[in-house]
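There are 2 protein chains.
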Amino acid sequence: MTGRRIARIAHPGGVHHATVEPDGYALIADPFAKHLRHNGIVVPTRDARLLAPVAPRTVVGMAHNTGPTDRQLPPQAFLKPVTTVTGPGAPIPLPTGIGRVDAEAELAVVIGCTATRLTLSNAAEHILGVTIANDVTARDLQQSDPLWFAAKSFDAWTPLGPWIATGLDPDDLAIGLQVDDVDLQAAGTADLARSVLECLVYVTSVLTLHPGDVVLTGAPGASAAITVGSTVVAAIAGVGELQNPVTATDDQREVA
Amino acid sequence: MTGRRIARIAHPGGVHHATVEPDGYALIADPFAKHLRHNGIVVPTRDARLLAPVAPRTVVGMAHNTGPTDRQLPPQAFLKPVTTVTGPGAPIPLPTGIGRVDAEAELAVVIGCTATRLTLSNAAEHILGVTIANDVTARDLQQSDPLWFAAKSFDAWTPLGPWIATGLDPDDLAIGLQVDDVDLQAAGTADLARSVLECLVYVTSVLTLHPGDVVLTGAPGASAAITVGSTVVAAIAGVGELQNPVTATDDQREVA
Numbered sequence: 001m002t003g004r005r006i007a008r009i010a011h012p013g014g015v016h017h018a019t020v021e022p023d024g025y026a027l028i029a030d031p032f033a034k035h036l037r038h039n040g041i042v043v044p045t046r047d048a049r050l051l052a053p054v055a056p057r058t059v060v061g062m063a064h065n066t067g068p069t070d071r072q073l074p075p076q077a078f079l080k081p082v083t084t085v086t087g088p089g090a091p092i093p094l095p096t097g098i099g100r101v102d103a104e105a106e107l108a109v110v111i112g113c114t115a116t117r118l119t120l121s122n123a124a125e126h127i128l129g130v131t132i133a134n135d136v137t138a139r140d141l142q143q144s145d146p147l148w149f150a151a152k153s154f155d156a157w158t159p160l161g162p163w164i165a166t167g168l169d170p171d172d173l174a175i176g177l178q179v180d181d182v183d184l185q186a187a188g189t190a191d192l193a194r195s196v197l198e199c200l201v202y203v204t205s206v207l208t209l210h211p212g213d214v215v216l217t218g219a220p221g222a223s224a225a226i227t228v229g230s231t232v233v234a235a236i237a238g239v240g241e242l243q244n245p246v247t248a249t250d251d252q253r254e255v256a
Numbered sequence: 001m002t003g004r005r006i007a008r009i010a011h012p013g014g015v016h017h018a019t020v021e022p023d024g025y026a027l028i029a030d031p032f033a034k035h036l037r038h039n040g041i042v043v044p045t046r047d048a049r050l051l052a053p054v055a056p057r058t059v060v061g062m063a064h065n066t067g068p069t070d071r072q073l074p075p076q077a078f079l080k081p082v083t084t085v086t087g088p089g090a091p092i093p094l095p096t097g098i099g100r101v102d103a104e105a106e107l108a109v110v111i112g113c114t115a116t117r118l119t120l121s122n123a124a125e126h127i128l129g130v131t132i133a134n135d136v137t138a139r140d141l142q143q144s145d146p147l148w149f150a151a152k153s154f155d156a157w158t159p160l161g162p163w164i165a166t167g168l169d170p171d172d173l174a175i176g177l178q179v180d181d182v183d184l185q186a187a188g189t190a191d192l193a194r195s196v197l198e199c200l201v202y203v204t205s206v207l208t209l210h211p212g213d214v215v216l217t218g219a220p221g222a223s224a225a226i227t228v229g230s231t232v233v234a235a236i237a238g239v240g241e242l243q244n245p246v247t248a249t250d251d252q253r254e255v256a
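Quick mapping for you: the protein sequence lines, in order, are chains A and B.
First residue of the first sequence: 1, per the UniProt record's numbering; consecutive thereafter.
First residue of the second sequence: 1, per the UniProt record's numbering; consecutive thereafter.
Bear in mind the hints are in silico, worked out from the structure with no lab data behind them.
Every value quoted in this text rests on a predicted model; they were computed, and no experiment measured them.
Fair warning: there could be bad hints in the mix.
To be verified - Listed below are several chain B residues computed to face chain A (Cβ distance under 8 Å; list not exhaustive):
#, residue
1, F32
2, L36
3, G67
4, W148
5, S153
Unchecked claim - Derived CB-CB ranges, DEER-like:
#, chain 1, residue 1, chain 2, residue 2, range
6, B, I98, A, L73, 15 to 21 Å
7, A, S205, B, H38, 42 to 48 Å
8, B, A29, A, V228, 28 to 34 Å
Claimed, not checked - Chain B is nowhere near these chain A residues, computed Cβ spacing over 10 Å in every case:
#, residue
9, G3
10, E21
11, L36
12, I41
13, R57
14, T58
15, A63
16, P74
17, A77
18, T116
19, L147
20, A150
21, S153
22, D191
23, V228
24, T231
Every residue gets a Cβ at the ideal spot worked out from N, C-alpha and C, and that includes glycine.
Excised from the complex, chain A in its bound form:
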């Protein structure tokens, strides 16, 4: 399966996975099936709202995974709770008094089939595709929060989307980040300390990943401070753009 875009949409008929087509979203029953099967329904673009393209049970992020010096450290990962997952356009709520909060644009790998103790030679077969993640992080909180629980776990702090792109080479994709129309970095997955497949080998040496689970591969570029009222756009060449507004915590939240 190459070159598809697989979205998850909310529309008057419910919540469904679909492939992205010129005339709308063509519904599919199972995004993880070996051969995608359309059911004949196409939802016009204007009638649909994009959600996070998967509802993972496990979200793992890679820590310190930028540049050759990080390669000299042992690999290190962290977990984000599933309550952080939200979709394109959904608000990123910031609690008051939390100090500096950064957006981090990252390539996110979406797992296609059950993955345990992968090797470099079989890891690629376990990837359904890639999407864009914004790994929102409370930078100041990390000082008093050595396990990064509070720093990474606020509700809706992992926007994902806009869809899953299949058939791309994950190790050579340009990544961009914009806050309020200012470009803040130019980088790419080639700048990661460990390749996407190496990340999957490490993570699955510890835990089993299941279809729809997500691995954030690390931010190869600079992160950018965000504040209430900001609009953040994370972009990956060949995938698209993930745009989210930043709001105060008590603003109404959308459900992913």
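With the hints as your guide, set chain B onto chain A.
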């Protein structure tokens, strides 16, 4: 709802929640309903196998939560992936060469209804009940794994069970731990640095907990090294005992 024991069982008719009765397991449709409703089916004890009493989407543990000195540190939590959850009697697999691995007997709180930014006055209403957790931890790995990802995240490293007990005072329960018939600690939730309700207030100041989510409140007693072939029993007065064998990783695993 007071004084019930709510289990989750696998039996010839499927996987269901049930209350524990003298003559077997009385099936219920929804363990989170305000009034439990039995459907009239009672599964004889010999026909059922106990599973982890919930299938959480989020599992949070409290770090350094023992004794008055820990109270002087800011609260600190960590996440365990849902793939760590397993049931009574299920094996705890140890990878080879992992060094010292400890069992930690802890009170686990099971959330009954959606919980966001709880306060000390409303937190208790959001608790369905309590169960026993074994927060298996790779002690040596923690040295090179500052975020505790590998140290806490191996598959089936959070046995839960044997059931959820409702109507207990969570702040005054004796906790015991046995490895191979040797008693290794005598402690209780009264020895925690922060009370169960204080833990919930802290965790929900960051993320929203949903029905079935689990908070491990910290190990108030000594932890105990386990090795392949050990049998571990964690016990909480008024709840029961959670027993698990320790196996090598490649032994067959049961699904929670």
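Verification of the supplied hints:
no., hint, verdict
1, F32, "violated, 17 Å"
2, L36, "violated, 26 Å"
3, G67, "violated, 19 Å"
4, W148, "holds, 6 Å"
5, S153, "holds, 5 Å"
6, B:I98 - A:L73: 15 to 21 Å, "holds, 20 Å"
7, A:S205 - B:H38: 42 to 48 Å, "holds, 45 Å"
8, B:A29 - A:V228: 28 to 34 Å, "violated, 43 Å"
9, G3, "holds, 31 Å"
10, E21, "holds, 32 Å"
11, L36, "holds, 26 Å"
12, I41, "holds, 29 Å"
13, R57, "violated, 5 Å"
14, T58, "violated, 5 Å"
15, A63, "violated, 6 Å"
16, P74, "violated, 5 Å"
17, A77, "violated, 4 Å"
18, T116, "violated, 8 Å"
19, L147, "violated, 5 Å"
20, A150, "violated, 5 Å"
21, S153, "violated, 5 Å"
22, D191, "holds, 22 Å"
23, V228, "holds, 18 Å"
24, T231, "holds, 24 Å"
Of the hints listed earlier, those the structure fails to meet are numbers 1, 2, 3, 8, 13, 14, 15, 16, 17, 18, 19, 20 and 21, in rising order.
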